[in-house]
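Peer 1: Construct the entire structure; sequences and hints are all you get.
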Amino acid sequence: MVLELHIWGPAFGLPSIDPECTATVAYLKHCLPEEQWILIADHDPSVSPNREFPALLHNSTWIAGFHTITRYLRQQLYRDIDARLSSQQRADSIAFSTLLSHSALPLLSLSLYTSFQNYYHITRPAFTSILPWHANYSVPPARREVAKAVTQHFGFSGLDIDDVHESTLAGGNTSISGSYESAKAVAGIPTGNGTNSRPNVLPLGFNKSIKKILNKPEYAARFRLDALTKECLQPLDDLLGEKSYLLTDGAKGPSSLDCLAFGYLSLMLYPDFPQAWLREGFDKYPRLQDYVHRMRDELVGGNTVVADVMALQHSTSPESHNLNLPWHPRVPEHPIGVAQNVATSILSALPLTSHFARPSIIPGIDVPETSTDAMRANTPSSPLLTPFLALSTILLAFVSSISYLSLNRDPRSEDDYVFFSNTEAARRNRAQSFGEAGGFMAALGNQMRVNSGLVGDQGREQERVGGAPVVEVDVEVREKPGL
Amino acid sequence: MLNDDNASDGVYQSDSQSASDRAARSSIFSVPSPIKWLFNSVPLITYGANELPLRVPRRNDQNALYIFTTQHGATRGDPSFNPSCLRWQAYLKFCHIEHTTVVSNNHASPSGALPFLLPSVAKGTDRAVPVPSSKLQRWVAQNTANVVDEAYDLRYDAYLSLIDHRIRRAWLYTLYLTSNFHTIVVPLYVDPSSTNPLVRMAIAHELRSAAETELLKHSVVIDAELIYQQAEEALIALESVLGNSEWFFGARAPRLFDAAIFAYTHLLLDEKLGNGWAEVRMSRIVRKHGRLVHHRNAILDMYF
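Chains as they are written, first to last, in the numbering used here: chain H, 1 to 483; chain G, 484 to 787.
Each hint should be verified, as a subset may be incorrect.
[Claimed, not checked] Some chain H residues well away from chain G (every beta-carbon gap over 12 Å; in silico):
| id | residue |
| --- | --- |
| 1 | Ala83 |
| 2 | Arg90 |
| 3 | Leu236 |
| 4 | Gly302 |
| 5 | Asn324 |
| 6 | Val331 |
| 7 | Leu391 |
[What the hints assert, rightly or not] Computed footprint of chain H on chain G, listed as stretches where at least three residues anywhere in the stretch have a Cβ under 8 Å from a Cβ of chain H:
| id | stretch |
| --- | --- |
| 8 | 550–558 |
| 9 | 714–725 |
[Stated by the list, open to error] Examples of chain H residues toward chain G, derived with CB under 10 Å:
| id | residue |
| --- | --- |
| 10 | His30 |
| 11 | Leu32 |
| 12 | His43 |
| 13 | Val47 |
| 14 | Pro49 |
| 15 | Thr61 |
| 16 | Gly65 |
| 17 | Arg71 |
| 18 | Ser87 |
| 19 | Ser101 |
| 20 | Ser103 |
| 21 | Pro235 |
| 22 | Leu239 |
| 23 | Glu242 |
Derived from the structure by calculation, the hints contain no laboratory data.
Each residue gets a CB set at the ideal place from its N, CA and C atoms; glycine is no exception.
Peer 2: In structure tokens:
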């Protein structure tokens, strides 16, 4: 009886690109012996009951989410690394994990996904190396949409910036932190860190008052971001104090809160983003940084090399690799399964069908008294429900994509399907009227042309990013009134 | 012909006295004479302002807290049926600030959300500036001597997040997405808004989908089991931090934190809310935690 943990693949030297996945890996490594569980870098979360990783497979039961998994291990397998905590520490653990996930998740969403520069230069290439070709069209854009929905109420219009994207392409360096530092230099304020000497890009007049400068959207955003970062990290730093773990000290070992904190904080610390406001905010907490470095060695066994893990997929003997975690290759997908995955992701991205494709409420089963002990046996639908259903889905998706592409044919702007140039013409492309689905379809259309040998320069340009066929899907064109 | 000429001449002379006026007339910005004549013969009258409706409170020598409540409840100062209103209502009571409650809805609020406070004004001064809930704590600190001190506790924010996230999510789910919607939300929020069945349907639909959107922000699917479990864990943690003391974090008097937890526990334990709870799971979970029930009863007895 081996437990299978399915997660999003590794990135930035961490076991996973997702904070909860990393936290779950750390938890399992600490609470189960090495031979009792395996770790699989997966990409199709439709197997999971809540359609998200981490998902744990145990005796054909799927359990999803960090909290549900720790609960399941505690109740069904009697594995609990929090068993040594006092009842007060347990209460603290619950409280701080709630505070942490609700303050850190928006920050990570802003940093990894909403910020266009970071997404474009770091996050999406990281996904490219862990996802198969077809998932690259659906997974990162979908995650970005979710992240933007989560962070919409902050109103950081200055971060989700196609304008920055354009100016970057034009050769200017106008990241928020860069222009912020240079504005401070111009205003005669000593900059926080001397190493960060970016070129002075702002053509500031001498008679502009500092208040006027600081009221500009990008600095206002920066102040708010710093405040949010502080709101997230200060309580943890206070809680850590001089202890070796957040709740316990010394030989007692880490608790589940340490695993969760490592999952979130490591993604703030290790990725090297062009818009580095989150990491710069983190620099003010050296004690917490030491803690995260220490936790990486202790909880997940140090650096995870992405290439080694992904190489497993193609090798036959997993033992030949020297890995810190029990990585195993994913079971190769059946071609029909791949086709159905592609089909369902197309359908769920289309404006009309998406509504029916995603039932989103799982009603509770109200068992009177001690209902919480009853763990529901989640039996998710198999990817190949019935051959009929699979075939009809594929057919429907194919027909709709063909009709979309034929509808969208414009003899003047064939090249607009490749959005590398992100010009005004591309922005106005009719694909945008289809929203996310439009971007998806356009990418697919381009991939079709690539495959059929019709490509010109765009095909070669695609190869530029990391060898894998990456198509730039620009879904960032709609003006969101709320942002 | 001659008469006509004279007549036009007369009009001309009476209309414009000097040469400079004549020059002005020719510019495109001047008013053409037929229109000017029309406006002169139909003078514009400005009517006086309407009387304020009788239901508008005339006395503004008392602080008025605008909350979700019933007409009957407002006169008696009953607890609001909306958690965020009840939180501030209880906090004002803790700080011994005299106030009246006024029936209102979100459209009346300058910030778009209730509650807000219209402070009392002395005679002869300007109109009061409404205080939204986000600034209410600061307003209380500035305007009263017996402010409840919020001693800083390391764990304060963490435990507050349990209320603001886990318990609030369970509240949203159990109120809007279960059968409680028809027994509580419809009579309390939907029916007073309009008598038109179509409008009521639209409002009900809007409320439900807003709650659903809010819950979907944090997960791809809304898993009721998980929401209830997390709320129960939160209540266990809150009961544990309350310990055997009367108020949270060992305070001598109830504070904002007590108001925040009271806002949810009171409503979940109130059996007469709306037409009564149809889905009682969340209420049952709260009832299991005796010390929290005691905490709620103590506040209800002392302050309401």
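Peer 1: Confirm or reject each hint.
Peer 2: Each hint tested on the structure:
1. Ala83: At about 16 Å from chain G, H:Ala83 clears the 12 Å cut-off, so the statement holds.
2. Arg90: violated, 7 Å
3. Leu236: Incorrect as stated: the minimum Cβ-Cβ distance to chain G is 10 Å, not above 12 Å.
4. Gly302: At about 30 Å from chain G, H:Gly302 clears the 12 Å cut-off, so the statement holds.
5. Asn324: Given that every Cβ of chain G is farther than 12 Å from that of H:Asn324, nearest at about 30 Å, it holds.
6. Val331: H:Val331 clear of chain G: closest Cβ-Cβ about 23 Å, beyond 12 Å.
7. Leu391: Holds: least Cβ distance 26 Å, greater than 12 Å.
8. 550–558: violated (count 0)
9. 714–725: holds (count 8)
10. His30: violated, 21 Å
11. Leu32: violated, 22 Å
12. His43: At 15 Å from the nearest chain G Cβ, H:His43 fails the 10 Å test, so the hint is violated.
13. Val47: violated, 13 Å
14. Pro49: holds, 8 Å
15. Thr61: Violated - the Cβ of H:Thr61 stays beyond 10 Å from chain G, reaching only about 14 Å at its closest.
16. Gly65: Because about 7 Å separates H:Gly65 from the closest Cβ in chain G, which is inside the 10 Å limit, the hint holds.
17. Arg71: holds, 7 Å
18. Ser87: Given a least distance of 6 Å, the restraint on H:Ser87 holds.
19. Ser101: Result: holds, 8 Å to nearest chain G Cβ.
20. Ser103: holds, 8 Å
21. Pro235: It holds, given that the least Cβ distance between H:Pro235 and chain G is near 6 Å, below 10 Å.
22. Leu239: Holds: closest Cβ of chain G sits about 7 Å from H:Leu239, inside 10 Å.
23. Glu242: violated, 14 Å
Comparing the model with each numbered hint stated earlier shows that hints 2, 3, 8, 10, 11, 12, 13, 15, 23 do not hold.
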